[in-house]
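Trainee: On the provided structure of chain A, position chain B as indicated by the hints.
Protein chains: 2
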Amino acid sequence: MTDPTLAQRLLDGDRRALARAITLVEDDRPEGWELVKQVYPHTGSAAVVGFTGPPGVGKSTLIGAVTKARREAGRTVGVLSIDPSSPFTHGALLGDRIRLSEHFLDPGVFIRSMANRGALGGLSEAALQAALLLDAAGRQDVFVETVGVGQAEIDIIDHADTIVLVLMPGSGDSIQALKAGVMEIPDVIVINKADHPLTDTMVREIRGVLSLANLDRSAEERVGGWRVPIIKTEAGRGEGVPELVESLEAHRAHILAGGALDERRRRNLRNEVLAIATARMRRRLEEDLGEDEEFKRLLEEVVKRRLDPASAATVLLERAPGMQRAIE
Amino acid sequence: MTDPTLAQRLLDGDRRALARAITLVEDDRPEGWELVKQVYPHTGSAAVVGFTGPPGVGKSTLIGAVTKARREAGRTVGVLSIDPSSPFTHGALLGDRIRLSEHFLDPGVFIRSMANRGALGGLSEAALQAALLLDAAGRQDVFVETVGVGQAEIDIIDHADTIVLVLMPGSGDSIQALKAGVMEIPDVIVINKADHPLTDTMVREIRGVLSLANLDRSAEERVGGWRVPIIKTEAGRGEGVPELVESLEAHRAHILAGGALDERRRRNLRNEVLAIATARMRRRLEEDLGEDEEFKRLLEEVVKRRLDPASAATVLLERAPGMQRAIE
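Same order as they appear, the protein sequences are chains A and B. Heads up, the first sequence is in this note's numbering, so the first residue is -12 and it goes up one at a time. Heads up, the second sequence is in this note's numbering, so the first residue is -12 and it goes up one at a time.
Calculated from the structure, these hints are not laboratory results. On a predicted model such as this, the values are computed, not experimentally measured, just so you know. Cβ atoms here follow ideal geometry from the backbone N, Cα and C, with glycine treated the same way. Hints are not guaranteed to be accurate.
In the DSSO-like style, the derived pairs of lysine-lysine whose C-alpha atoms are separated by at most 30 angstroms in a straight line are [to be verified]:
| id | chain 1 | residue 1 | chain 2 | residue 2 |
| --- | --- | --- | --- | --- |
| 1 | A | 291 | B | 24 |
| 2 | B | 24 | A | 283 |
| 3 | B | 283 | A | 24 |
| 4 | A | 24 | B | 291 |
Partial pick of chain B residues on the chain A-facing surface, computed with a CB cut under 8 angstroms [stated by the list, open to error]:
| id | residue |
| --- | --- |
| 5 | 163 |
| 6 | 260 |
| 7 | 299 |
Looking at chain A on its own, in the form it has when it is part of the complex (with noise of 0.2 angstroms):
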């Protein structure tokens, strides 16, 4: 154990503590999974939504947007970036983070970015238990920004309460991706860079898949449903946020009313258990074979076309030394 008063300061709202707590669970230290352990039992406070869409549509500058109106509202927000995978990126992060930055000295805004951490499942697993955390801590609404569009990027979305797909005129490929059922629906659609004359043409496009998906209908005409506001904003100016923060309330209080929070968040967690134990799995296996001669040998074998990728993975799972480790 680290230090043993980290658990009540964290609890306690400190930011120190917080920060601290976040770079144990990303650094897999075992005192961070501890400390979620200790913290958990106080968490599911929170209003966890989640921010997705393709990277440049400007969400880091809708959530500084948000971020504001809420702390006018008195409430405390924690902000989860996710950054992608390549070397890239960090010029694009460092501009989302300046973006960010009128919120650093208010001690109501915490703000961290987490980077990817390899093929593993690694990231999701960490950014699952820092939005734990951040709950914990006492931060009234959590907001987990991801880049992209990916499969990885929706497994961490996915275990938000609400979930907010902003696009800007030109996400053509997202569009596209929402009429052929690539992408889930999300429960609120922003519209961002609104200032530009093709905005309308796409608000009657996403109109066209929500219809077709009848998700468009008010929420008296469909039993238990919810309808998906698509809501034009330009953040940089705040145009469209008091109308995207009244959404995001109109969401929550639908969930609630009707047990959908609590559906959601029980399949999350059981995805959430599911997830972590895989990860683990999948990890000894790889941190075992990394040096192992034998495994070169197989791979080998299969390389030289003599033994096929599925029986070189029996033999692996047979020999299971990955097996063995992974159930300590």
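Mentor: Same frame as chain A, now just chain B:
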């Protein structure tokens, strides 16, 4: 075992045997895996090209056009089209199949679409096995098509020898994703539906991204390098298709000459072995937990915030019915 002559008929290039074999791996039947094992020594000759990109850009039409060109050059072709998960998509895919229909009666072309088998990673497993079967059946060109730009699709496409990203004017999100480094740079970029006034702007934008990544130089200027070509096509009318085919051949010659093909395949086969092993571990875990009372109880503890998800995962792995059975 099913039909003992199936492997031989497959190796002889029999289409019905091939169709049957792919169904076996798609259904995750032991005979399917056994078959891949038997024919695996006869794989490795096919040129495997992955076509990826957002829905609606015309990938199927493009593959149809490339197929036509390859047939005219006397080569046999196999096409594997990976369906995304949502029920929304069936319409789009039916359309895709119609676009490929001119090849349905040509015995030199084998077309198969595979549906998503859920979140267990089963689809990419099955798709990779199916690609091996096409290879073993003597298809000289294997084209793998995935809809969407997500990670799951990339996992499949990553196993191709050559990766083609297909965009169209309006693919703003994909270009942003390339810029931000969220999407990997492919080997060849196609802008389809190029009869659009914004096409040349788009080409310049992509050139900008490639030049940032230093991928716009010629092979002579960069040691061992490959200059990513940007090809403008109108697949419906066959325009630009000869240039695309030429690029595919040039890329193949490039990776064959420099040893990159061997290296790429070694890396891909390693990932495939690990992916199969992990998918099996996860599947066993999911199966075991489906009706498990203890798991339900654990989950209830998590939902009630008495036990954190990571500790629940630890308990699962300790009990480890899945871990035991995974090594059988």
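Trainee: Now tell me, hint by hint, if it's right for this structure.
Mentor: Do the hints match the structure? See the list:
1. A:291 with B:24: holds, 13 angstroms
2. B:24 with A:283: holds, 19 angstroms
3. B:283 with A:24: holds, 19 angstroms
4. A:24 with B:291: holds, 13 angstroms
5. 163: Check passed: Cβ of residue 163 of chain B comes within 4 angstroms of chain A, closer than 8 angstroms.
6. 260: holds, 5 angstroms
7. 299: Because about 5 angstroms separates residue 299 of chain B from the closest Cβ in chain A, which is inside the 8 angstroms limit, the hint holds.
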